[in-house]
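Trainee: If you read the sequences in order, they're chains A and B.
The first sequence begins at 1 in this note's numbering and counts up by one.
The second sequence begins at 1 in this note's numbering and counts up by one.
Be aware that one or more of the hints could be misleading.
[To be verified] Partial pick of chain B residues on the chain A-facing surface, computed with a CB cut under 10 Å:
| no. | residue |
| --- | --- |
| 1 | Leu73 |
| 2 | Leu83 |
| 3 | Pro136 |
| 4 | Thr141 |
| 5 | Ser170 |
| 6 | Tyr173 |
| 7 | Pro279 |
| 8 | Asn331 |
[Unchecked claim] Part of the chain B face toward chain A, derived, beta carbon under 10 Å:
| no. | residue |
| --- | --- |
| 9 | Pro111 |
| 10 | Ile171 |
| 11 | Glu303 |
| 12 | Leu316 |
Since the hints were made in silico from the structure, they are not lab data.
Glycine included, each C-beta is placed from N, C-alpha and C at the ideal position.
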Amino acid sequence: MSDTEASAGKRSTAWGQVSLERRHARERRIGVLLIAASAVSILTTLGIVGVLLFESATFFAQVSPIRFLTGTRWAPLFQNQAFGVLPLLAGSLLVAGGAALVALPIGLLSAIYLSEYAHDRVRRIVKPVLEILAGVPTVVYGYFALLYVTPLLRRIWPGTEVFNALSASLVVGIMIIPMVSSLSEDAMSAVPRPLREGAYALGATKFEVATRTVVPAALSGIIASFILAISRAIGETMIVTIAAGASPQLTLNPLESVQTMTAYIAQTSMGELTHGSLEYQTIYAVGLTLFAITLLMNIVSGIVLRRYREVYE
Amino acid sequence: MTADGGQKAPTKEPKAERPAPPRPAPPGPAERSATRGGGTSTFSGSVQRDPTRFAPALGRRHMFGTVFAVACLLATMVGIVVLMALLYDILVDGTARLSLDFLRAYPSRMPGRAGIGPALAGSAWTLFLTGVIAFPLGVGTAIWLEEYAGESRFKRVVETNIANLAGVPSIVYGILGLTLFVRVMGMGRSILAASMTLALLSLPVIIIASQEAIKAVPGTIRLGAYALGATKWETIRHHVFPMSLPGILTGTILALSRAIGEAAPVILVGALGFVAFIPKSPMDSYTVLPFQIYNWVSRPQAEFHEIAAAASIVLLVLLLTMNAAAIWLRNRYTRRY
Numbered sequence: 001m002s003d004t005e006a007s008a009g010k011r012s013t014a015w016g017q018v019s020l021e022r023r024h025a026r027e028r029r030i031g032v033l034l035i036a037a038s039a040v041s042i043l044t045t046l047g048i049v050g051v052l053l054f055e056s057a058t059f060f061a062q063v064s065p066i067r068f069l070t071g072t073r074w075a076p077l078f079q080n081q082a083f084g085v086l087p088l089l090a091g092s093l094l095v096a097g098g099a100a101l102v103a104l105p106i107g108l109l110s111a112i113y114l115s116e117y118a119h120d121r122v123r124r125i126v127k128p129v130l131e132i133l134a135g136v137p138t139v140v141y142g143y144f145a146l147l148y149v150t151p152l153l154r155r156i157w158p159g160t161e162v163f164n165a166l167s168a169s170l171v172v173g174i175m176i177i178p179m180v181s182s183l184s185e186d187a188m189s190a191v192p193r194p195l196r197e198g199a200y201a202l203g204a205t206k207f208e209v210a211t212r213t214v215v216p217a218a219l220s221g222i223i224a225s226f227i228l229a230i231s232r233a234i235g236e237t238m239i240v241t242i243a244a245g246a247s248p249q250l251t252l253n254p255l256e257s258v259q260t261m262t263a264y265i266a267q268t269s270m271g272e273l274t275h276g277s278l279e280y281q282t283i284y285a286v287g288l289t290l291f292a293i294t295l296l297m298n299i300v301s302g303i304v305l306r307r308y309r310e311v312y313e
Numbered sequence: 001m002t003a004d005g006g007q008k009a010p011t012k013e014p015k016a017e018r019p020a021p022p023r024p025a026p027p028g029p030a031e032r033s034a035t036r037g038g039g040t041s042t043f044s045g046s047v048q049r050d051p052t053r054f055a056p057a058l059g060r061r062h063m064f065g066t067v068f069a070v071a072c073l074l075a076t077m078v079g080i081v082v083l084m085a086l087l088y089d090i091l092v093d094g095t096a097r098l099s100l101d102f103l104r105a106y107p108s109r110m111p112g113r114a115g116i117g118p119a120l121a122g123s124a125w126t127l128f129l130t131g132v133i134a135f136p137l138g139v140g141t142a143i144w145l146e147e148y149a150g151e152s153r154f155k156r157v158v159e160t161n162i163a164n165l166a167g168v169p170s171i172v173y174g175i176l177g178l179t180l181f182v183r184v185m186g187m188g189r190s191i192l193a194a195s196m197t198l199a200l201l202s203l204p205v206i207i208i209a210s211q212e213a214i215k216a217v218p219g220t221i222r223l224g225a226y227a228l229g230a231t232k233w234e235t236i237r238h239h240v241f242p243m244s245l246p247g248i249l250t251g252t253i254l255a256l257s258r259a260i261g262e263a264a265p266v267i268l269v270g271a272l273g274f275v276a277f278i279p280k281s282p283m284d285s286y287t288v289l290p291f292q293i294y295n296w297v298s299r300p301q302a303e304f305h306e307i308a309a310a311a312s313i314v315l316l317v318l319l320l321t322m323n324a325a326a327i328w329l330r331n332r333y334t335r336r337y
């Protein structure tokens with residue numbers, strides 16, 4: 001048989017008549033394409049930061065950042081304009097805070113149940129169902145909040161307004177339960193069995209093992225999941241736009257109508273403002289604030305996850 | 001499938017910066033009896049107990065355990081019960097309005113005659129275009145990260161960047177799309193602008209899922225191909241990529257199914273509230289299903305709420321189909337090595 005030696009040279013090969021040089025040239029071209037694809041992710045971040053900073057600059061040229069960050073009245077469209085972002089920030093934090101009160105305990109207890117108590121068969125059914133909860137589009141949640149949760153709240157507390165923060169809070173909380181539950185459960189399942197078995201061997205009950213051994217060992221992952229879930233709640237748009245209202249107020253009363261940063265951006269962009277006007281540029285200023293907060297939280301979550309992990313051999 | 005959001009708790013890292021020993025379990029009966037003869041216990045953190053009076057309090061501890069287990073079960077049920085309530089409510093409200101006419105009709109000022117025809121068409125268009133844009137970019141990035149980039153600092157920067165992008169609120173992507181695609185690049189309020197925005201939104205999820213799928217291909221496959229004289233790309237194209245394709249497709253379908261349910265970025269980028277035609281080209285204006293739902297929910301009349309519920313049912317069915325397809329794909333084609 002001819003060609004038994006060196007089949008990778010210029011001779012005909014199993015890849016047809018393509019020479020080694022041609023194949024290497026193609027490799028280089030493809031390498032360039034792949035790097036270009038990867039560059040898109042970097043460009044996206046640069047794009048977001050660039051757009052937000054650049055467009056907010058025109059806003060902050062006219063409104064001082066101090067006034068923006070410390071003002072307690074947000075009224076860009078009224079005669080007597082005010083550009084204090086605190087009411088919007090308070091709205092976002094009120095909704096996210098309520099959501100956290102709902103989602104963090106329920107999510108953590110669900111995770112403990114799935115990780116420590118549930119039979120395999122139960123887990124195989126419950127986990128996908130919780131994933132479905134995460135997959136419901138937020139507009140549908142918004143519908144549910146406005147047309148079912150709010151009337152329910154109004155029957156319990158008759159003073160509740162039609163648009164109120166509590167309804168949105170509760171539903172946002174429900175929406176982020178799967179996030180807390182899934183990430184916490186991942187963290188808990190990374191705790192090795194011998195640790196649990198050692199605790200059982202020393203006479204601990206299941207409750208004690210779960211709360212005094214597993215949860216502390218997985219704590220960094222659990223806290224990271226909490227932070228990520230709150231960050232998601234702050235960034236949520238549709239539920240609050242539909243159910244929480246459009247009146248920016250600096251209030252702690254969840255039964256009132258508020259406006260979150262995200263709802264403001266959405267509602268303003270649907271309006272009739274012209275680009276470049278001060279009122280329009282508020283979208284970018286508020287967007288920058290929102291982005292900075294969620295980015296900070298995501299970074300902190302990553303740090304908590306990595307630096308405080310307890311790794312067992 | 002992990003829930004939406006940022007990072008999965010990494011379970012495969014080999015080293016920690018601070019390998020801390022596990023905290024000691026509470027002193028059990030064995031240890032207490034060991035110190036019985038020696039006087040006071042050495043556990044200084046706890047109350048000074050007389051070790052001769054050992055009280056395991058098993059009954060009380062087990063009772064706590066049962067109460068706690070019930071609490072955990074209830075917590076897990078909360079999510080499920082609320083989901084059931086939501087689905088039931090939507091079905092009750094919307095089924096009456098579901099019909100073939102509803103699926104084809106245009107929106108109208110009269111709820112009785114309004115339909116989701118253009119919205120469905122717009123969603124179909126965006127789904128297709130978003131997939132076409134995001135799939136090559138996402139898979140290309142994943143291939144580069146896994147196969148070409150060494151364990152360099154740059155690679156970690158890129159990966160961290162992608163993880164951060166996954167956590168950026170969708171409305172910020174909308175702001176980016178509005179400024180960059182609609183205005184600066186002049187696409188206007190077109191399907192193309194929406195698709196590009198949604199593609200950027202889906203990219204992090206696709207990249208992370210594809211990376212996992214590519215990582216799962218055993219190294220021996222690659223080594224075998226190299227040994228036979230294949231170049232890197234040839235190995236990827238003929239071996240690594242086909243083997244990781246089911247996982248890649250599952251992740252892509254899931255990412256896209258989330259993208260068509262998003263209303264916030266689409267609002268920013270310029271979906272219209274009243275579209276009386278079926279879009280014919282990527283540069284046409286459009287509406288999408290979630291935006292139409294939002295539009296109808298925001299109106300005060302109850303009839304609009306009913307058709308919003310009907311449209312929600314359609315959207316949920318669509319998502320369910322896509323998710324089921326993704327899961328079926330994963331179960332059918334994933335091979336275990």
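Trainee: Next item in the hint list is B/Thr141. Is there a CB on chain A closer than 10 Å to its CB?
Mentor: 4 Å, holds
Trainee: Measuring from the C-beta of B/Ser170 to each C-beta in chain A, is the shortest one below 10 Å?
Mentor: 7 Å, holds
Trainee: Holds or violated: the hint that B/Leu83 contacts chain A, with Cβ atoms closer than 10 Å.
Mentor: Interface hint status for B/Leu83: holds (5 Å vs cutoff 10 Å).
Trainee: Measuring from the C-beta of B/Leu73 to each C-beta in chain A, is the shortest one below 10 Å?
Mentor: 6 Å, holds
Trainee: Please verify that hint: B/Ile171, Cβ, nearest Cβ of chain A, below 10 Å or not.
Mentor: Holds. Min distance 5 Å.
Trainee: Measuring from the C-beta of B/Pro136 to each C-beta in chain A, is the shortest one below 10 Å?
Mentor: Result: holds, 7 Å to nearest chain A Cβ.
Trainee: Any CB of chain A closer than 10 Å to the CB of B/Glu303?
Mentor: With Cβ-Cβ at 13 Å, over 10 Å, it is violated.
Trainee: Hey, does the B/Pro111 contact hint survive, CB to chain A under 10 Å?
Mentor: For B/Pro111, the interface hint is violated, since the closest Cβ of chain A sits about 15 Å away, which is over 10 Å.
Trainee: Given B/Pro279 as an interface hint, is its Cβ closer than 10 Å to any Cβ of chain A?
Mentor: At about 20 Å, which exceeds the 10 Å cut-off, the nearest Cβ of chain A leaves the hint on B/Pro279 violated.
Trainee: Can B/Leu316 be said to touch chain A, with a Cβ gap under 10 Å?
Mentor: 7 Å, holds
Trainee: Quick one, is the B/Asn331 hint okay against chain A at 10 Å, beta carbons?
Mentor: Interface hint status for B/Asn331: violated (12 Å vs cutoff 10 Å).
Trainee: Tell me if B/Tyr173 is really an interface residue toward chain A, meaning its C-beta lies closer than 10 Å to one of theirs.
Mentor: 8 Å, holds
The structure fails hints 7, 8, 9, 11 (numbered hints given earlier, in ascending order).
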